[in-house]
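Protein chains: 2
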Amino acid sequence: MNHIVSLAALKKPLPEALLVALAALFGDRFSTTQAMREHHGSDESSYDPMLPDAVVFAESTEDVAATVKLCSEYQIPLIPYGCGTSLEGHILALQGGISIDLSRMNRMLAVHAEDMTATVQAGVTRKQINHEIRDSGLFFPIDPGADASLGGMAATRASGTNAVRYGTMRENTLALTVVTADGTIIKTGTRAKKSSAGYDLTRIFVGSEGTLGIITEVTVRLYPQPEAVSAAVCSFETIADAVNAVIQIIQLGVPIARVEFLDENSVKAINANAKLGLPEKPLLLFEFHGSENGVKEQAEVVQAVVADHHAIGFEWATQPEDRSRLWAARHNAFFSLLQLRPGARVISTDCCVPISRLAECMLSTKADCEAHAMIYSILGHVGDGNFHVQMLVDADNPEEITCAEGINSRMVALAISMDGTCTGEHGVGLHKMDFLIAEHGDGAIASMRALKHAFDPKNILNPGKIIRW
Amino acid sequence: MNHIVSLAALKKPLPEALLVALAALFGDRFSTTQAMREHHGSDESSYDPMLPDAVVFAESTEDVAATVKLCSEYQIPLIPYGCGTSLEGHILALQGGISIDLSRMNRMLAVHAEDMTATVQAGVTRKQINHEIRDSGLFFPIDPGADASLGGMAATRASGTNAVRYGTMRENTLALTVVTADGTIIKTGTRAKKSSAGYDLTRIFVGSEGTLGIITEVTVRLYPQPEAVSAAVCSFETIADAVNAVIQIIQLGVPIARVEFLDENSVKAINANAKLGLPEKPLLLFEFHGSENGVKEQAEVVQAVVADHHAIGFEWATQPEDRSRLWAARHNAFFSLLQLRPGARVISTDCCVPISRLAECMLSTKADCEAHAMIYSILGHVGDGNFHVQMLVDADNPEEITCAEGINSRMVALAISMDGTCTGEHGVGLHKMDFLIAEHGDGAIASMRALKHAFDPKNILNPGKIIRW
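If you read the sequences in order, they're chains A and B.
Letter 318 of the first sequence, counting from 1, is numbered 318 in the UniProt record's numbering, and no numbers are missing.
Letter 214 of the second sequence, counting from 1, is numbered 214 in the UniProt record's numbering, and no numbers are missing.
Since the hints were derived computationally from the structure, they do not count as laboratory data.
Do not take every clue at face value.
Where chains are identical, the list cannot tell them apart; a pair therefore holds if satisfied intra-copy or between any two copies.
As the list claims (entries may be wrong) - Heads up, simulated EDC-like pairs for lysine to aspartate or glutamate below, C-alpha to C-alpha not over 20 Å straight-line:
#1 Lys-296 - Glu-227
#2 Lys-69 - Glu-297
#3 Lys-296 - Glu-315
#4 Lys-12 - Glu-400
From just these sequences and the hints, can you work out the full model?
Structure, rendered in structure tokens:
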């Protein structure tokens with residue numbers, strides 16, 4: 001926490017001239033009320049709130065540019081805010097400054113159905129975009145669980161349950177409009193599906209967590225709504241059986257749309273909450289997209305493979321209502337877990353390893369949780385080698401928090417030793433800055449720092465996140 | 001050409017101390033012979049050769065790091081060289097300096113079949129990697145035509161015929177080992193399939209054409225060899241019919257592995273060369289990968305769609321020898337065209353547009369070629385909206401070259417006006433630096449320049465390419 005303390009010491013009051021200028025520009029879209037500051041200084045991480053000094057509600061890229069120019073002039077930190085659903089402390093105002101809320105930038109700018117692309121303002125959420133394009137025969141697949149904004153998802157390089165088939169925000173972002181640190185508005189790409197035209201500015205800003213520029217518009221790829229969708233569920237005696245089945249399914253080239261792992265604790269929690277009566281053992285939940293025949297064929301291959309790995313209770317869900325019931329249970333797994341210890345705080349982890357090491361990494365972490373009598377569950381986007389452990393701790397008990405952070409640290413260290421990454425999809429924020437160094441080494445971190453210094457020479461863009469200045 | 005002239009004026013002789021140091025380090029792997037310099041100062045672009053002063057043959061990342069350190073000390077340009085197959089002047093030694101040849105770095109470092117990844121030295125070519133992994137049940141799909149090195153393909157963000165299904169080097173490079181401008185060796189990523197861990201160094205170096213660092217090792221994704229492969233070919237009366245058929249195929253979600261367009265001039269050339277007897281009209285060549293049933297189903301959908309677009313002469317090629325014959329013709333289209341005007345130089349273009357604009361962009365460019373009585377053909381990776389015009393010009397006739405460059409300029413300007421890109425897969429090199437500015441605008445170019453200055457502060461890494469200092 002030394003980093004946080006030392007940065008908080010850098011906090012300075014906003015200059016009166018800046019307050020006057022922002023109030024003049026934005027009127028009632030500029031706020032310094034305690035309630036607004038609190039709302040924008042809290043996220044879904046396990047950190048305590050850290051409040052910005054003021055909040056600006058942007059409605060256009062030009063609003064963002066004007067705010068950046070003022071913050072640059074006065075060297076005041078500026079933190080972009082979408083839906084506040086990030087998990088690693090991304091939006092916390094370490095040094096105060098201005099939170100720029102993009103949620104009112106929620107206009108669909110263009111849908112090009114023939115090209116299967118859409119351009120939206122950064123505040124459009126994933127549910128909103130899918131609602132808006134529902135009659136086009138297309139959909140936007142990235143689903144990080146929360147109804148996050150597309151700007152925030154791009155900034156965090158988000159993914160989720162569909163990534164095994166459709167990729168992450170990295171693969172699905174074609175172009176961005178970005179306001180750079182001096183208030184310049186740039187476009188990072190075009191709607192061409194591929195390009196070799198110079199440095200990959202799009203991929204530089206995707207995953208940069210507001211530290212290199214502020215994303216104001218996002219052009220994404222869309223996909224045809226599958227002709228047929230089906231789901232299936234089965235259980236295993238061991239985690240290794242479940243993971244080995246997934247490895248084989250992927251090696252066979254089955255274009256599976258989703259394959260989610262739930263450990264027995266997750267299953268217990270959702271059974272208790274949703275009365276599903278599933279076997280309380282490691283479980284895989286599948287979704288298949290394709291033609292009628294294609295989906296049938298994928299499912300048959302999967303059924304044969306899981307049988308080879310001693311699956312039990314294989315069950316189909318071809319009807320939409322059955323599928324919805326299963327996936328609702330998966331989506332509610334997190335909240336179901338919370339019921340097991342009312343009032344507890346969740347410490348959520350996130351690592352990603354080569355899939356051949358996944359079972360070992362999961363089992364080691366599970367043993368660590370058990371050894372420390374943690375209340376926990378494991379959920380995994382196993383087709384990508386990505387999993388999360390949720391640990392329920394008493395927020396008022398520092399020992400429990402330290403214990404959970406210890407388990408997280410050992411898990412991350414193990415993942416890195418397996419040529420994996422400290423974060424598959426949650427990002428670095430405040431929480432993973434030391435892990436980032438452990439993963440990349442000093443040389444690569446020096447390159448990242450050179451990039452930060454080049455793109456944000458005054459260190460005003462979400463300062464103190466990803467890497468230390 | 002003013003840029004080239006002004007940079008050539010910056011050329012300075014290599015310091016004697018540098019020559020001595022390189023000779024001491026590399027012995028007969030260091031050369032200043034005219035033949036070696038000529039070999040490394042020519043590529044497949046339409047530029048005249050521009051020779052480096054000396055050539056180093058690296059055999060390890062450490063060799064590269066030692067060379068970079070020396071070049072940094074003496075501020076001498078350093079140009080990485082793989083197979084010399086680049087098309088836009090990437091490897092030409094504008095200011096002389098050292099060409100560092102990585103072709104002897106051709107070792108397979110690791111194949112992880114369970115994870116479907118391979119790590120190779122930068123000099124391994126795409127044919128070599130596929131040969132080495134042929135018994136693993138896996139393959140590496142990126143096929144830019146030439147048997148390029150994976151380091152060069154990463155540096156150029158290459159793609160080719162399979163990109164419509166499998167993506168480009170951008171999507172398929174998991175991690176790189178890179179020597180940065182001060183000789184530091186960094187790893188840009190891990191073998192995890194996805195990651196949100198900080199700035200995307202991998203994607204910064206992919207497509208950077210040796211201007212930000214020297215790629216020495218590449219970790220790529222592999223794919224299961226498809227259970228079944230089939231191909232088909234059909235002809236159309238008009239380019240618009242062919243392109244509209246492709247748009248519909250992609251919108252239906254058919255996971256087509258390859259869909260190549262050949263205009264009637266390409267067909268004439270390959271008919272003349274390979275005696276194929278194909279109708280001399282716009283043609284589509286398809287390849288399907290999947291299960292036996294899946295391939296059959298894809299092909300049936302495609303057959304129905306092309307029939308709706310007035311296709312003629314639909315023909316299957318399910319036998320490997322028939323497929324090979326068709327694809328060999330496609331691969332030889334370029335050389336077949338050369339036969340039409342022996343001794344001519346080829347000026348090859350490359351742009352990529354949203355697919356809804358593809359027919360219009362092709363037709364406009366075709367009309368421009370016809371209006372100037374150019375000998376030309378058009379080939380397209382049409383599923384991605386990417387096409388190439390090859391123009392055969394008399395290298396000794398400046399008017400013809402100017403005319404061809406004019407057609408290219410108008411084509412690129414049109415592509416950019418359609419929200420497309422000045423290069424889909426060939427890169428910027430020397431040839432497209434002005435087009436890059438036209439495409440991105442000054443603000444984005446300023447960000448690219450900031451990146452170049454941050455990563456290569458002495459401007460020694462392939463100077464004068466992509467952006468002006």
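task: Hints the structure violates: just list their numbers, smallest first.
output: Violated hints: 2, 4; rest satisfied.
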